[in-house]
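Colleague: Following the hints, complete the assembly by docking chain L onto the known chain F.
Protein chains: 2
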Amino acid sequence: MIFDIEVKISLKHGMLNPEATTIERSLDLLGYKVKNAKTVDIIKFQMEGEDREVIRENVIDMCERLLCNPVIHDYKITVIPQNSACGV
Amino acid sequence: MIFDIEVKISLKHGMLNPEATTIERSLDLLGYKVKNAKTVDIIKFQMEGEDREVIRENVIDMCERLLCNPVIHDYKITVIPQNSACGV
Chain F
1 MIFDIEVKIS LKHGMLNPEA TTIERSLDLL GYKVKNAKTV DIIKFQMEGE DREVIRENVI
61 DMCERLLCNP VIHDYKITVI PQNSACGV
Chain L
1 MIFDIEVKIS LKHGMLNPEA TTIERSLDLL GYKVKNAKTV DIIKFQMEGE DREVIRENVI
61 DMCERLLCNP VIHDYKITVI PQNSACGV
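These protein sequence lines map, in sequence, to chains F and L. Take 1 as the starting number for the first sequence in UniProt numbering and just add one per residue. Take 1 as the starting number for the second sequence in UniProt numbering and just add one per residue.
The set of hints was computed from the structure by calculation and includes no laboratory data. Hints are supplied without guarantee of correctness; some may be wrong.
Same chains, same names: a pair is fine if it fits in one copy or spans any two.
The calculated lysine-lysine pairs, modelled on DSS-like cross-linking and capped at a C-alpha distance of 27 angstroms, are [stated by the list, open to error]:
id	residue 1	residue 2
1	Lys-38	Lys-12
2	Lys-33	Lys-76
3	Lys-33	Lys-44
4	Lys-35	Lys-76
5	Lys-38	Lys-8
6	Lys-76	Lys-8
7	Lys-35	Lys-8
8	Lys-44	Lys-76
9	Lys-44	Lys-8
In isolation and in its complexed conformation, chain F is listed as follows (with noise of 0.2 angstroms):
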């Protein structure tokens, strides 16, 4: 069975973000007042497993082993099975 994992990873609530800032600095020179700038990264792969939970527990290890700071960001991660939305 196939699983489709997103994860989501921002910067953790009060972390100086300089991407934002340099984008909302960038469009501000531009002529576009914009604020509150933040920026997400997503990861988006597929797995193969049998059990949901399994899977969720892999990624997390991979969260805390390279994909992520678990210091300065958050995750947050879904798991799928692939064409669960058509029922099949």
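Modeller: Chain L in isolation, oriented as in the chain F frame:
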């Protein structure tokens, strides 16, 4: 009126994504078998204005001029009036 804006930026179909390739390879070295890795960037911000359509036009301009590279990126814009979820 304040609008919450979300711009979802992904690479066009067929473009090479070195970031995703690196993630896939690194996860493989750690012993996790994943495939079809993709990355998506989200930029969120707020703008003040009266008309949702005007805001959307502005955000399209921002994407074309600064946020995306229209040659290699697809983008999807969501404009939501703040607090609309609770009917205010």
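Colleague: Run every hint past the structure and note whether it holds.
Modeller: Going through the hints against the structure:
1. Lys-38 <-> Lys-12: Intra 11 angstroms, inter 23 angstroms, cutoff 27 angstroms: intra and inter.
2. Lys-33 <-> Lys-76: Intra 30 angstroms, inter 20 angstroms, cutoff 27 angstroms: inter-copy only.
3. Lys-33 <-> Lys-44: between (32 angstroms within a copy, 13 angstroms between copies)
4. Lys-35 <-> Lys-76: Both, since 24 angstroms and 19 angstroms are each at most 27 angstroms.
5. Lys-38 <-> Lys-8: The answer is both: 13 angstroms in one copy and 12 angstroms across copies each meet 27 angstroms.
6. Lys-76 <-> Lys-8: both (5 angstroms within a copy, 17 angstroms between copies)
7. Lys-35 <-> Lys-8: Both ways: Lys-35 and Lys-8 sit 22 angstroms apart in one copy and 17 angstroms across, limit 27 angstroms.
8. Lys-44 <-> Lys-76: Answer is both; intra-copy 12 angstroms and inter-copy 17 angstroms each pass.
9. Lys-44 <-> Lys-8: Classified as both; 9 angstroms inside a copy, 14 angstroms across copies.
Violated hints: none; the structure is consistent with every hint.
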